[in-house]
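Given these sequences and hints, build the entire structure.
Keeping their order, the protein sequence lines are chains V and D.
Using my numbering, the letters of the first sequence correspond one by one to residues 1 to 307.
Using my numbering, the letters of the second sequence correspond one by one to residues 1 to 343.
These are calculated hints, taken from the structure and not from any lab test.
Heads up, some of the hints might be wrong.
[Said to hold, decoys possible] Here are the computed distance ranges between Cβ atoms for each label pair:
#, chain 1, residue 1, chain 2, residue 2, range
1, V, 9, D, 94, 50 to 60 Å
2, V, 64, D, 161, 28 to 38 Å
3, D, 202, V, 298, 20 to 30 Å
4, D, 304, V, 265, 33 to 43 Å
5, D, 97, V, 300, 53 to 63 Å
6, V, 17, D, 102, 44 to 54 Å
7, V, 288, D, 204, 33 to 43 Å
8, D, 202, V, 302, 54 to 64 Å
9, V, 93, D, 79, 44 to 54 Å
10, V, 123, D, 248, 44 to 54 Å
11, V, 67, D, 204, 30 to 40 Å
Computed from a predicted model, the values in this text were never measured in an experiment.
Positions of the beta carbon are idealized from the N, C-alpha and C atoms, including for glycine.
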Amino acid sequence: MARYIARRLLLAIPVLIGASFLIFAMVFALPGDPIRALGGDRPISPAVQEQLRDQYNLDDPLLVQYGKYAGGLLQGDLGTDFSGRPVADILEQTVPVTVKLALVALAFEAVFGLIAGVLAGIRQKSFFDNLVLVSTTLVVSIPVFVLGFVAQYVLGLKLGIFPVAGVASGFQGYLLPGFVLAALSLAYVARLTRTSLAENLRNDYVRTAKAKGLTPLSVVGKHTLRNSLIPVVTFLGADLGALLSGAVVTEGIFNIPGLGRAVFGAIQTQEGTVVVGIVTLFVFVFILFNLLVDVLYAALDPRIRYE
Amino acid sequence: MSERTPEKGPVGGTPAGSTDSGLLLDGQSGGEPGGPTGTGDVVAHAMASGHGDDGSVDARQASLWSDAWRQLRRNKLFLIAAFLLLVLSVMAMFPGLFSSINPSDRGACQLSSSKLGPRSDAWFGNDIQGCDHYANVIYGARVSMIIGLVVVGGSTIIGIVLGALAGFFGGWFDTLMARITDIVFGLPLLLGAILILGVFPERGLPQVCLALIVLGWPTTLRLFRASVIAVKDTDYVAAARAMGATNGRIIVRHILPNAIAPVLVYATIAVGGIIAAEATLSFLGIGLQLPAVSWGLQIGSGQRLIRTAPHIIFFPSAFLSVTVLSFILLGDALRDALDPKTR
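Rendered as structure tokens:
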């Protein structure tokens, strides 16, 4: 197992380098001059422009720029944005916010998704099953930003149950955006659990478990559910990317100062170091998460072994 | 095929497989231990459709598709979705049939009626410029349909060609494709699209399509590659080879028809996801730009008016959601019809 994990981590290195270079190249290719744009209506003096370009290596060719950036990265230096603020600082402030948001979303997905999926899977074709099928299909068809507006309008503005925007009020502020962020994946988790459970319930070992007198609760809880969770866990791992994507939109709508908003802003102001730093972090987290999922398989299904 | 066997290892059961293909394209990847055979984190089950393990080739093949068609025609949800999509397609091609006003005509917008709510002579009210919102929404269908079909068509073709090569021949090409798809999967769809679109100073239909195709094809590649691998060791492929068929003929005549079902199902559902993605990008201000008529732009323009004029957001949102829903229902029906296990 340790060797397997080490091999996977090694394989992640070229992916990380490739991804960061690709992102760097795209930011490099952005049209316009970020330094001139920095000044806005009042042009910056040529000497200062020169100095800034030099400081951010903007005159070097792409490969040299990337080399300097990667060199700094290896020494733990993520660079600074154009106002001289270290990217590490930005990460320090925004990462906890987005992590909280993502955890709230994951909790919604896991708890409500699993419960709805299990209840629907046990009693297929029942009223509740149909309810789950219909409502998940509807949720899946509504784009996140539309759902965000509806939730904000109805639950925030009209009913006043949740704060309309911002996280100044603490944990409460995360609930509504977390739910909106989770909604799409929640629907998938529910449907996957339902299908997977229903399929597994037809297996021989379930009949055996029933025949030896186990209660329905332990037949489902101990035997079937564990076997049914593998596709769900796979989905949750792959879904992290969608969560981070969704965070860009959700954080924008609910005005949450997290990674998503920071990266969107940085792309618009062409702050290459910030964009590359944050997106590479996304990719890294995504790879780690998928590794974690693969390790979890072995825990869920003892037939799976890694050499 | 449905049993999760140890040999299949960590890639046994996937979300794409049994019920729900990832809606957004980046919802697809997953655990992948690397190596040439590892990338198949894909639809294992749906694939069962194309061929039985005893696979007698042509008779069965024909009956699969005609069976599927027979079942589709009996499926109410399919009929509803197909009807909605037909209406939407006509709306996209001939919007003049639905609305006598063209929002880009001179005089179509009267600032004096800015933000007025729905009423009998303007069913959906007016937007902030005073344009008839009903006409806006009707004319918005075109962009969505074009982007959805072009992007999914493009990424499906690329994915099938490269996936067939990677799955059939394996080797270095397969490994290369596995690494490239890894990179693209690690990049969240929206973020990747924002990055790519940022490169273009002017963004219109071609740029948005390009960005979404670049991010979309790896999913199809993985799906199709896995199907090809599952099919290529079957007896009928061996038989074809024994008869002296060339690799090209084997791929096109024997593997393709038997491996394409999951890709078709995925593609149908993906159209909905792509349409939603375009709307999201336009809404964020990084997709289509005015004066394009797009539901995403309309929703974005209503963002600040949600308190005073919620109808501006409501109508395009509803049309957008119904369009996405129709494609999802169509894909669901198609999957049920193509999967013999559900019969």
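Evaluation of the provided hints:
1. V:9 <-> D:94: 50 to 60 Å: holds, 56 Å
2. V:64 <-> D:161: 28 to 38 Å: Hint holds: Cβ distance 36 Å, inside 28 to 38 Å.
3. D:202 <-> V:298: 20 to 30 Å: violated, 51 Å
4. D:304 <-> V:265: 33 to 43 Å: Given a distance of about 18 Å, which is not inside 33 to 43 Å, the answer is violated.
5. D:97 <-> V:300: 53 to 63 Å: Distance hint for residue 97 (chain D), residue 300 (chain V) holds at roughly 54 Å.
6. V:17 <-> D:102: 44 to 54 Å: holds, 51 Å
7. V:288 <-> D:204: 33 to 43 Å: holds, 38 Å
8. D:202 <-> V:302: 54 to 64 Å: For residue 302 (chain V) against residue 202 (chain D), whose Cβ atoms are near 57 Å apart, the range 54 to 64 Å holds.
9. V:93 <-> D:79: 44 to 54 Å: Taking Cβ atoms as reference, residue 93 (chain V) and residue 79 (chain D) lie about 53 Å apart, which means the hint holds.
10. V:123 <-> D:248: 44 to 54 Å: holds, 51 Å
11. V:67 <-> D:204: 30 to 40 Å: holds, 35 Å
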